[in-house]
Amino acid sequence: MTSPVSTASLSPTTPPAHLLVVDDEEGIRALLTMAMEFLGFRVTGAATGREALETLTRYSPDLVLLDVNLPGLDGFEVCRTLRLRGHTMPVLFLTCRDEVDDRVRGLDLGGDDFVTKPFELKEVAARVRALLRRTAVRPAERRSLQAGDVRLDADTHQVWAAGQPISLTTTEFALLRYLMENPGRVLTRAQIQERVWNHRVEGAGSVDTYVYYLRRKLGGRGQELIRTVRGAGYLLCAD
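For the sequence shown, the working numbering begins at 1 and goes up steadily by one.
Don't take each hint at face value.
[Claimed, not checked] Per label pair, the in silico range of CB-to-CB distance:
no., residue 1, residue 2, range
1, G86, T228, 15 to 21 angstroms
2, L73, P183, 28 to 34 angstroms
3, H18, T209, 30 to 36 angstroms
4, V186, C96, 37 to 43 angstroms
5, K217, D74, 37 to 43 angstroms
6, R58, G163, 26 to 32 angstroms
7, D113, L84, 18 to 24 angstroms
8, W160, Y59, 22 to 28 angstroms
9, Q223, H157, 21 to 27 angstroms
10, L73, A30, 20 to 26 angstroms
Calculated directly from the structure, the hints in this document are not laboratory data.
The C-beta atom is built at its ideal place from N, Cα and C for all residues, glycine as well.
Between the sequences and the hints, there should be enough to build the whole structure, so can you do that?
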């Protein structure tokens, strides 16, 4: 695919956000990465659907540029899976097809917008900015989470309760972060296991154990903050 415009004709934007670019064609991936980085965004690339899901677990980007026609796990399935895992960032599909049925399917699965290949880089940039404005996503705002008197900083991996630091393991931190990103929502054990352990064998049967550890470290507030929903899973009660 040829680039209809040069990156020199694009004007930089602030503040920067973190984008995940997913495309199995190295040339397209490199082109989008170069253009978005020129605009001031931080960019991470992925070549397959599975690599994209692994990257989402590690980084939680602010927006995903997602090719529909990926080998193996296609873009629609990637979008469906990330929504099931509780990710809420905007998804901008890249597709060679411009059929209504494809657009309807993508939107029903949780996508936010489409760009048809071959695309104008200016249009992609404009749609990215529009989606970020629409969802009001800014890294500085979403990296600090609060529930009651518990505060979590995703950048420094620190947690405080009533202003006092709490020491958590990597798994305990990931579990608390997932719960705090979804206040008032019942998360099943399967959803928690998939998000926190990414289906690793050691994650099986560990959800209840780590909820117990987490509650204990949070002290008296732990039981009230992390509620057990019988037969369903766990709920973070921010109130």
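Evaluate the given range 26 to 32 angstroms for the C-beta pair formed by R58 and G163.
holds, 29 angstroms
Verify the CB-CB distance for V186 and C96 against the hinted window 37 to 43 angstroms.
Holds - the Cβ-Cβ distance for V186 and C96, about 39 angstroms, lies within 37 to 43 angstroms.
Outcome of range test on Cβ distance (K217, D74; 37 to 43 angstroms):
holds, 41 angstroms
For G86 and T228, compare the CB-CB distance with the range 15 to 21 angstroms and indicate the outcome.
Check passed, 18 angstroms falls within 15 to 21 angstroms.
Range hint 21 to 27 angstroms (beta carbons of Q223 and H157) holds or violated
Check passed, 24 angstroms falls within 21 to 27 angstroms.
The hint says 20 to 26 angstroms between L73 and A30; measuring C-beta to C-beta, is that right?
Holds, at about 22 angstroms.
I want to verify a distance hint. Is the separation of the beta carbons of W160 and Y59 within 22 to 28 angstroms?
At roughly 23 angstroms between Cβ atoms, Y59 and W160 fall inside 22 to 28 angstroms, so the hint holds.
For the range 18 to 24 angstroms, tell me whether the beta carbons of D113 and L84 fit it or not.
Holds, since D113 and L84 (Cβ atoms, about 20 angstroms apart) stay within the stated range.
Can you tell me whether the CB distance of H18 to T209 sits inside 30 to 36 angstroms?
holds, 32 angstroms
Range first: 28 to 34 angstroms. Now tell me if the beta carbons of L73 and P183 are that far apart.
This hint holds: roughly 30 angstroms between Cβ atoms.
Of the numbered hints stated above, none is contradicted by the structure.
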